[in-house]
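Engineer: So you can see what is in the structure, the chains are spelled out below.
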Amino acid sequence: MTSPQTPVLQARGLVKRYGHVTALDGADFDLWPGEVLAVIGDNGAGKTSLIKALTGALQPDAGEIRLDGEPVRFRDPLDARRHGIETVYQDLAVAASLDIATNMFLGRELRKPGVLGRVFRLLDKKRMREESARHMAELKIGLRSLTQPVESLSGGQRQGVAVARAVAWATHVVVMDEPTAALGVKESGQVLDMIRRVRDRGTPVVLISHNMPHVFEIADRIHVQRLGRRVAELSPGEHGMAEVVAIMTGALQVSEGKAVVADQGAARAIGLS
Amino acid sequence: MTVTEATLPRRLISTPVAGPLAALLLACLFFGLNTGQFFTGPNFSLIIQQVMVVGTLAIGQTLIILTAGIDLANGAIMAFGGIVMTKLAVDSGLPALLAIAAGLAVCAGFGLVNGLLVTRISLPPFIVTLGMLNVVFALTHIYSAEQTVTNLPAPLTFLGQTFRLGQTNVTYGSLLTILLFLLFAYLLGSTAWGRHVYALGNSPEVARLTGIRTRRLTVGVYTLAGFVYGIAALLLVSRTGVGDPQAGQTDNLDSITAVVLGGTSLFGGRGMVLGTLVGALIVGVFRNGLQLMGVPSIYQTLITGILVILAVAVDQLSRRRNR
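Chains as they are written, first to last, in the working numbering: chain E, 1 to 273; chain U, 1001 to 1323.
In short, the hints are calculated from the structure, not lab data.
Fair warning: this is a prediction, and the values are worked out from it, not measured in the lab.
Incorrect hints may appear among the rest.
[To be verified] Quick look at which bits of chain U chain E covers, simulated, 3 or more residues with Cβ under 8 angstroms: (1) 1189-1195; (2) 1207-1218.
[Unchecked claim] Selected chain E positions facing chain U (in silico; Cβ < 7 angstroms): (3) GLN10; (4) PRO77; (5) GLU109.
Every residue, glycine too, gets a C-beta built ideally from N, C-alpha and C.
Produce the entire structure from the sequences given, and follow the hints as far as they go.
Structural biologist: Right, dumping it as structure tokens:
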């Protein structure tokens, strides 16, 4: 992909070691404005470590991260959030017994103006509900009531709340870790629609997923992570699903934009040779 | 896309306090119909006096249980706080207000230690407070030399004094207890801090990832609970008029009983402090009513035990149905 713009989020040469295990081995990363970038990779390829490094959940041992071209260093997830990078974590998105509006504003509550808020710390629940309703409407998430606890929602609606919260606060990037993993077909469809709407609003999305059909349905580009590095950046239009999987597992290698058979046996086994 | 507010009746029914409140009202109705003295001002004043110490302990217990913790040491901490207040004032001749402040600080200090052990060394709250129960119990007996402290100066017994409300004498301590419940209902229900306590109890990891400083919050909750135990100590001292090293030995479990009867989940993140008030009142009303009916006190304990199991069973069943 050629673009005159600077990447929204970029990483060069990220390294992360845990004792003898190398999770990231000089990983690069580029996220361009307005795109949905899927990050795929086998288990242990360093996907999670890469995403954690980009969202402040771990500190890389070496390498550089740039946000809008400026070098940044995130001390913790909160720090990354302050820079406008919002993450929707798999299974860890919402507080189950709290209602939707409270979840939307968790950690960023609005207080009543004046003495009530300043001295008595009184929350402005009405305004938080109204703004939550607006955010939910923007993503076309239909809900009966914003005062119902999140645990009474379906999995898809719950994911919707998490996505809506991320989108509401993200000024730069939304990162989603396996957002459809626990969902049924219909609900997955709703979440994919939501991701499209987020992109169409102009916020780039990083999508970590194991689900190739979903990746091919929604991603503008695919970042393939393998053995702690980025081994390819592909476009779903130019490469087939089997080919992408083969690159992911190492059966094919990419050199100068062309897929080359690296492991004859493996390639033949999945029907590519 | 429609967003509607839950209507008031629906919200009343869905609030976790509805069940306990209904139980309390039914109990009152039952004892009112069976004994003549039950529905009188003085009797209600007595019930509140009888539950105010455990009720106040149960406020701190509620805070900790909401974070998915538990505090087995609160009765012991209260007893120690009471001894500190009375001994400093009587034996060491400290001004009474200073002695009270010292007692409150000591109780908050034990809470702080509990909180630090839970967060910094990641010990389970059950273990930390079980150990602390024994430590504080021993300290109480060592420091007091097994002696009851008497002849307390006026400020230490002030909360036991009464004022007249219509025909009824109400103690200042009862009033303070009610005010504390209202204060914590406000803090938990209407401030960001309260929302964070619930979020923490739901899932510490979710809370952390939304930017809540979960360790600091946990330490704060334990410390605040300790401070509230200090207030319970003052209530206890002013109610009994002595500093008693034997006090509060079953109050840890009684405070958990009140929390559970009030509909708060022992798994954290669900419940309300006003429910705890209702839970404490249920215990108080049953003891009082059964006593008025001439039922021996050991049967009161029996019935309290059955109530706890019943309350949790009903809670579990209703939750299963909701799923």
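Engineer: Give me the numbers of the hints this structure contradicts, sorted from smallest to largest.
Structural biologist: 3
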